[in-house]
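2 protein chains.
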Amino acid sequence: MINIKEEAAKAKKASSKMAAATLEVRNNALLSIARRLEESKEAIFEANAEDMAAAEEAGVSPSILKRLKFNEAKINDCVNGIYQLVSLPDPLGTVQLSRELDEGLTLYRVACPIGVIGIIFEARPDALVQISSLCLKSGNCAILKGGKETAKTNKVLFDLIYETALKEGLPEGCMCRAELHNEIDELLSCDKDVDLLIPRGSNRFVRYIMENTKIPVMGHSDGICHIYVDEDYDEGKALSVIIDAKTQYTAACNAVETVLVSRKIAERFLPTLAKALTENRVKIRGTKEASELIDPVAPCEIMGEDEFNTEYLDLVLSVKLVEDVDEAVNHINSFGSHHTDAIITENDVTAEYFMQMVDSAGVYRNCSTRFADGFRYGFGAEVGISTGKIHARGPVGLEGLVTYKYKLYGNGHIVRDYAEGRRSFNFKDKVV
Amino acid sequence: MINIKEEAAKAKKASSKMAAATLEVRNNALLSIARRLEESKEAIFEANAEDMAAAEEAGVSPSILKRLKFNEAKINDCVNGIYQLVSLPDPLGTVQLSRELDEGLTLYRVACPIGVIGIIFEARPDALVQISSLCLKSGNCAILKGGKETAKTNKVLFDLIYETALKEGLPEGCMCRAELHNEIDELLSCDKDVDLLIPRGSNRFVRYIMENTKIPVMGHSDGICHIYVDEDYDEGKALSVIIDAKTQYTAACNAVETVLVSRKIAERFLPTLAKALTENRVKIRGTKEASELIDPVAPCEIMGEDEFNTEYLDLVLSVKLVEDVDEAVNHINSFGSHHTDAIITENDVTAEYFMQMVDSAGVYRNCSTRFADGFRYGFGAEVGISTGKIHARGPVGLEGLVTYKYKLYGNGHIVRDYAEGRRSFNFKDKVV
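Which chain is which? The protein sequence lines are Z and V, in order. Note that our numbering gives residue 146 to position 146 of the first sequence, counting from 1, and the numbers run on in steps of one. Note that our numbering gives residue 345 to position 345 of the second sequence, counting from 1, and the numbers run on in steps of one.
These are calculated hints, taken from the structure and not from any lab test. Please note: incorrect hints may appear among the correct ones.
Any copy, or any two copies together, can satisfy a pair, since identical chains are not distinguished.
Using 30 Å as the maximum straight-line C-alpha spacing, the simulated DSBU-like pairs for lysine-lysine come out as follows [what the hints assert, rightly or not]:
{"id": "1", "residue 1": "K428", "residue 2": "K41"}
{"id": "2", "residue 1": "K148", "residue 2": "K214"}
{"id": "3", "residue 1": "K69", "residue 2": "K155"}
{"id": "4", "residue 1": "K214", "residue 2": "K69"}
{"id": "5", "residue 1": "K74", "residue 2": "K192"}
{"id": "6", "residue 1": "K167", "residue 2": "K152"}
{"id": "7", "residue 1": "K428", "residue 2": "K288"}
{"id": "8", "residue 1": "K5", "residue 2": "K214"}
{"id": "9", "residue 1": "K214", "residue 2": "K10"}
{"id": "10", "residue 1": "K407", "residue 2": "K264"}
{"id": "11", "residue 1": "K275", "residue 2": "K192"}
{"id": "12", "residue 1": "K192", "residue 2": "K214"}
{"id": "13", "residue 1": "K283", "residue 2": "K17"}
{"id": "14", "residue 1": "K10", "residue 2": "K288"}
{"id": "15", "residue 1": "K5", "residue 2": "K275"}
Treat the numbers as computed from the prediction; the structure is a model and nothing was measured.
Modelling step: build the complete structure from the supplied sequences, incorporating the hints.
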């Protein structure tokens, strides 16, 4: 067991050096890590086999076991992810603003790392590799706490990554690994040294983190995603998008939980939809009005209006009729979680209106909500999906791990001269 | 008295319409507000005279009274500020990313307002005008709570601004004004409807806000700014910058609180500095080592190492000797508040090293820390200065009031096709 407070203070101390590491050093470290991952497959598999055996013995469900398993394919994905990350441009040092305030007084805004980031993530060994690579590329120090079911695999992976990072010249303390669940609470109290927390996991868990720390938290707390089927819908697109968004991976936060259907087409569309859902083993719940149209085709449990804020994460779907796009927007903005919401329509005006008015990180037209993901957006990887609006929204890649500082160069300039009218500002922006 | 919870819910409802308001509508509203401010001077002065009389009667200090006073010059500044804001480009609608993920599946990242912002600010009528103009230009709904000492002036200003905004077509509920101190606590509980809180005021007050709400908070909690005088310093610059940063406006968060002096030049520089400080009525406190060099010239109170985290906001300055730039950086990163810190040096290498290693929103060379300010940075105005690193850092203008959303356009695209290998992503960025 490590002392998290001490490790956080060490990371804070390392963070200035980490921020100053050149792109070459950071990329070389990533390349070496990729190589060592390939060379160390056997040791990794061995540790993972121990984790798997313990999990099976503990009666962990097959779907979770699938996530714990770290096989050849997953290592290859991780290695490819690292190569992709190496090929991305440097997120640091970018000059975002260059402005002469007055003669000889020049202001620059320059991208820099956030500093020390604490990431608490689920039991998935690939997550450890992705997250630590993202932090490394963005010059951040990382405190990593992974799910306990993969503790042995995580240890092997972490040791390999951290040792390689040090060998390649990154500062001691740039990464540390927390092991025990009670270390999370200790981490939450490190607001002097930790600049950002990224918790991944259940809604309840993320809320717990948010309510128990002064450190800024970037995490989604739930995903209540909607699909609105407009009167100008295309039936084929509507059906396949809804089935995909509900069934392709039900446990994901970007799976759809509620379908809103325009009253004008409900009589025609709802029975067809109900049939398709039932064929895909999706249980339907709906308002009384919806259930009356569905009932002749499939069972539909009647639900109360106040239940529409339910995240099922299962083969269950809420259905409701709405008068028009305005009612759909209002429902989504009231009951949704501002994650990802889609409209099915062939009407450009309605689509634009929906996408303007819905207050969510992702607003989609004629495609599955399941696309909300850092890989699918081309970010190389993601550290999480943010449903907050501050700092980063939606899937968070490298850019979300970066902040900026203002650099001001003068030649003895003082404010009194400007306050007393002897000099005045004369802003001239340079193109950056 | 208004019901803040209801007003916040109303603002949330208005926020989608506010976000959709065109630049023309927003700019026209600002121009009308500027005109009406000029037309309504008499009514504003009358209300302000009542506030001033009450404050004088209550024995408010002359320096505070100066801030409460809303005169011709301050109205003109506000009006000019609004014209400047109108001339700035639209912060909304900017396409930050445009990427084809696959044939017919295109992702855009588009700038949009944050939504509903609660701003709690000190008793300064010009602050109300600046803050509401910034929110209006950036398409945000604002809940405004100003200092009670200017309640009458604020009411006249708010009514004028809000009425004009409505007349120009902005949605009802886009602004509201809280009056009473206990309404702040009510505001803190509106985490469902308020997206961001910006508290301005004392360190203690900002901390209170941070500790009592789940709403993200953007506020500086203190300003412990440093100036490091390097061995390669220019004496003239060092003296005038330090005197300016300490005395030009002591109550500001960007005033200097600690001067660090290289041991190599201390014997020469400290007596000169001490003389200049004393002439400017600045009380000196320092380590024993520093005081021994200062004592022959001026009184120097000996202070403990643990007192260097003091924000005096007064004509008092802490002084310490350091071995080199590394010790200066370590001291600043440990005792500072990550606000604004400066180096006085003619050495380019030392300057760059300092500016890289100091972990603050502003890192300055050869100029006064007092430049850390939205106006002086050319932002038109500021809603506050952030010492946090998340979302916005340093002086926060329009840009800090904006977030983004991802828009994804498909043609029936589903994730299953990609997961099962029938299609694959083919990222193509368009230049934006």
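Intra- versus inter-subunit Cα pairing at 30 Å for K5 with K214: Both ways: K5 and K214 sit 15 Å apart in one copy and 24 Å across, limit 30 Å.
Homo-oligomer pair classification [K275, K5; C-alpha up to 30 Å]: neither (56 Å within a copy, 43 Å between copies)
Give the relationship of K428 and K288 under a CA distance limit of 30 Å: within one copy only, between copies only, both, or neither. neither (63 Å within a copy, 46 Å between copies)
If the cut is 30 Å between Cα atoms, do K10 and K288 qualify within a copy, between copies, both or neither? Only across copies: K10 and K288 sit 29 Å apart there, 59 Å inside one copy, limit 30 Å.
At most 30 Å between alpha carbons: which applies to K192 and K214, within, between, both or neither? For K192 and K214, the Cα distance is within 30 Å both inside one copy (9 Å) and across copies (19 Å).
Can you tell me if K214 and K10 fall within 30 Å by alpha carbon in one copy, between copies, both or neither? So K214 and K10 pass the 30 Å test inside a copy (20 Å) and across (29 Å) alike.
From the Cα coordinates, with 30 Å as the cut-off, is the pair K148 and K214 best called within, between, both, or neither? both (25 Å within a copy, 28 Å between copies)
Is it within, between, both, or neither for K74 and K192, if the alpha carbons may be no more than 30 Å apart? neither (36 Å within a copy, 39 Å between copies)
Cα distance capped at 30 Å. Does K214 pair with K69 within a copy, between copies, both, or neither? neither (35 Å within a copy, 37 Å between copies)
Could you place K407 and K264 in one of the four classes (within, between, both, neither) given a Cα distance threshold of 30 Å? Between copies only: 26 Å across chains, 58 Å inside a chain, cut-off 30 Å.
Within, between, both or neither, where K69 and K155 count as close if Cα-Cα is 30 Å or less: within (15 Å within a copy, 63 Å between copies)
How would you classify K275 and K192 at a CA-CA limit of 30 Å: within, between, both, or neither? The answer is neither: 56 Å in one copy and 37 Å across copies each exceed 30 Å.
When each numbered hint is compared with the structure, violations occur for hints 1, 4, 5, 7, 11, 13, 15.
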